[in-house]
Amino acid sequence: MKTINIFFVLSLITTFLISTIQALSEGSYLVYVSHTFSDNKSAQFKEFINSVCDEIHELIVQNKDSYHDPSQLDKMEKEFEANKDFNIKTYGNSPYVYPISTTNERTCLYAYLTSTIIDKVKQLPYVKSISPNQTFTYDDSTLPERNDSASNPIKCTSEKLGYPCCSSNNNKVYYTDNDGDWGFDENTNNWCGLTLYGASASQQVKTCWSERLGYSCCQGCQVVEVDNDGNWGIENDQWCGIPLDRC
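Take the sequence shown: its letters are residues -23 to -1, 1 to 224, numbered as in mature numbering (1 follows the signal peptide of the UniProt record, and there is no 0).
Worth flagging that the hints you see were computed from the coordinates, not collected in a lab.
Heads up, a few of these hints could be off.
[Stated by the list, open to error] Now the in silico label distances, taken between C-beta atoms and shown as ranges:
no.: 1; residue 1: Glu24; residue 2: Leu50; range: 23 to 33 Å
no.: 2; residue 1: Lys149; residue 2: Gln215; range: 14 to 24 Å
no.: 3; residue 1: Asp162; residue 2: His12; range: 19 to 29 Å
no.: 4; residue 1: Lys55; residue 2: Gln199; range: 27 to 37 Å
Ideal Cβ placement from N, Cα and C applies to all residues, glycine included.
Turn these sequences into a full structure, and let the hints guide you.
Below you can see the structure in the form of C-alpha cells.
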C-alpha cells in the first residue's frame, strides 16, 4: 500500500513539473527564416512568407492542447477579428504568427509558441533560429532613476524607459505608443527608440512611413499594392508610400 502511495505521489510531482516547464516556455518568440529573395516586395517573396506563416499557424492550431493557458490564443484571435481587414493587410491571415521585419535575405516572424510547437517549427528547413521575444512592457513604479544632466544626456524617449536609441541606419517604425515610435534591433533581439527626447511635435521629423524605407511619399491615394509595410502606389514610374492619415 505504501508503495502505491509513493508511486502516486511521484506521478503527481512529475505531472506538476511538466506543467510548470510548459508554462514557463509558453510565450512570444522571434522565428528567423532564411530565403533567397532580394526583393521583399515581389509576389514570390510574399507567397513564400505567407506559406511559412500558414504552416506555423497550422502547427499552433493542431497543438493547442500544448498551451498551459489557451485563453491567450482566444484573446489574440478576438483582437485580430476586431479589426480584421486592417490586420490582414498589415500582418497577414494569422493572429498567432506574422512577419515583423526583413533584412539581408532573412525575415523575422513573431509567433506565440510552446516548447512542443517550438520543437516542430525548428524542424522546418527554412527556419534558422528561434529566440524569446523581449517585449517592452514596463511598470512606471519600477523604472530606475536616470541621470538627465548634461554629462549624460538622454537622446531619445526610450532611454527613459530602459531601452536604447535605434542606430542611425535603423529607422523603420514597427510600433507607436504614447512614448513615441519604436524600432527593432535584430542584432540584440530588442526594441529601440526612434523618438527624440525633449523635442516638441514641431521639432520631430515628420516623414511618410515609406521614406524610412527609401521611397518617397505619394501625392495621390491610388493603391497599387499592399504589403506588411503599408499601402503602395506608383508615381513617376517609381514606388511610393500612401500615408494612412491622408488617404
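Violations among the numbered hints: none
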